[in-house]
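Whole structure, please, built from the sequences with the hints as guidance.
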Amino acid sequence: MKLSPKQYANILISNDGDKKSLASKFWFSLQKNNQYKDLPKIVAELDKEYARENNSVFAEILSENKLSDDEIKEIEAKLENLLRKKIISKNIVKENFGPGIIVRTDEMEINVSAMGKIESLKRLLSS
Amino acid sequence: MEALDALGIDWKLLLAQIVNFLILLILLTKFLYKPIVKMLDDRSKKIDTGLKAAEKSEQDLKKADVDAEKIREKAYKEANEILVNAKTEASDEAKQIVSKAEAQAEEIRKYAAEEALSSKDKAMRAAKGELSNLVTLALGKIIGEQFSESDKEKMTKEAIKDM
Numbered sequence: 001m002k003l004s005p006k007q008y009a010n011i012l013i014s015n016d017g018d019k020k021s022l023a024s025k026f027w028f029s030l031q032k033n034n035q036y037k038d039l040p041k042i043v044a045e046l047d048k049e050y051a052r053e054n055n056s057v058f059a060e061i062l063s064e065n066k067l068s069d070d071e072i073k074e075i076e077a078k079l080e081n082l083l084r085k086k087i088i089s090k091n092i093v094k095e096n097f098g099p100g101i102i103v104r105t106d107e108m109e110i111n112v113s114a115m116g117k118i119e120s121l122k123r124l125l126s127s
Numbered sequence: 001m002e003a004l005d006a007l008g009i010d011w012k013l014l015l016a017q018i019v020n021f022l023i024l025l026i027l028l029t030k031f032l033y034k035p036i037v038k039m040l041d042d043r044s045k046k047i048d049t050g051l052k053a054a055e056k057s058e059q060d061l062k063k064a065d066v067d068a069e070k071i072r073e074k075a076y077k078e079a080n081e082i083l084v085n086a087k088t089e090a091s092d093e094a095k096q097i098v099s100k101a102e103a104q105a106e107e108i109r110k111y112a113a114e115e116a117l118s119s120k121d122k123a124m125r126a127a128k129g130e131l132s133n134l135v136t137l138a139l140g141k142i143i144g145e146q147f148s149e150s151d152k153e154k155m156t157k158e159a160i161k162d163m
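Going down the list, the sequences are from chains R and Z. For what it's worth, the numbering used here labels the leading residue of the first sequence as 1, then goes sequentially. For what it's worth, the numbering used here labels the leading residue of the second sequence as 1, then goes sequentially.
Take these hints with a grain of salt, some might be off.
[Said to hold, decoys possible] Some chain R residues close to chain Z (C-beta under 7 Å, calculated; not the full set):
(1) Pro40
(2) Glu71
(3) Gly98
(4) Gly116
(5) Ile118
(6) Leu125
None of these hints come from the bench; they were simulated from the model. Fair warning: this is a prediction, and the values are worked out from it, not measured in the lab. Ideal Cβ positions, reconstructed from N, Cα and C, are used throughout, including at glycine.
Below, the structure is given as structure tokens:
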């Protein structure tokens with residue numbers, strides 16, 4: 001049976017049994033259903049599920065260069081202050097992203113990137 | 001008698017002539033006067049009847065003339081009414097056609113105005129889109145090519161602070 005990335009993530013998170021056996025079944029299922037291409041999505045869902053299990057909010061931080069630990073802590077602190085929940089973040093580096101960052105959670109997106117500002121300007125000019 | 005004799009009148013002859021006259025009178029009366037009078041009466045009656053018939057015919061003719069005149073007037077009135085109705089109907093129809101044509105013209109005018117406005121809007125939107133694309137492209141190029149890595153890092157730090 002073909003499972004969705006979210007279903008895989010739920011199984012992987014909630015299973016407390018033999019990790020080796022679980023991993024084996026997981027890879028077998030991916031191979032059987034030709035779902036290797038879904039691996040990034042499964043990992044993303046896994047991050048979200050892990051954060052949820054720990055009563056936290058998962059946040060993706062997109063930037064052109066890897067952010068420093070201090071910068072990530074600063075961002076997390078601001079998000080915690082905003083959402084009143086513990087934050088588990090992941091810095092995703094994107095080539096040619098430009099200056100600034102985008103912070104994404106399931107519920108919101110904070111775009112303080114130069115490209116975001118340009119997009120806003122584009123929308124303003126088009127309206 | 002003697003007087004008659006003195007006058008030279010033979011009374012016997014006179015009597016005979018009187019008798020003859022009376023006989024003649026009776027005969028004339030019976031065989032000539034009465035038939036003639038009857039004939040005249042009949043003729044007179046016929047003439048009266050003919051006159052009356054002629055008078056009646058004349059009256060009938062006058063009546064027929066009057067009736068004909070009435071019929072003619074009625075026909076004229078009816079024809080006139082038909083003409084007036086036809087004119088009114090034609091006029092109403094003409095009004096309807098004019099009104100319909102005016103409504104159609106108004107619709108066409110509105111449509112043309114809307115089309116013109118829509119075209120103008122489309123042109124404006126296209127121009128705005130083009131302009132915004134150019135601006136975006138230009139700014140994107142500036143950010144990508146003109147800013148150094150340190151500039152970008154600095155700007156990223158600023159962005160984190162502004163969050």
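Evaluation of the provided hints:
no.	hint	in the structure
1	Pro40	violated (24 Å)
2	Glu71	holds (6 Å)
3	Gly98	holds (5 Å)
4	Gly116	violated (9 Å)
5	Ile118	holds (5 Å)
6	Leu125	holds (4 Å)
The structure does not agree with the numbered hints 1, 4 stated previously, though it agrees with the rest.
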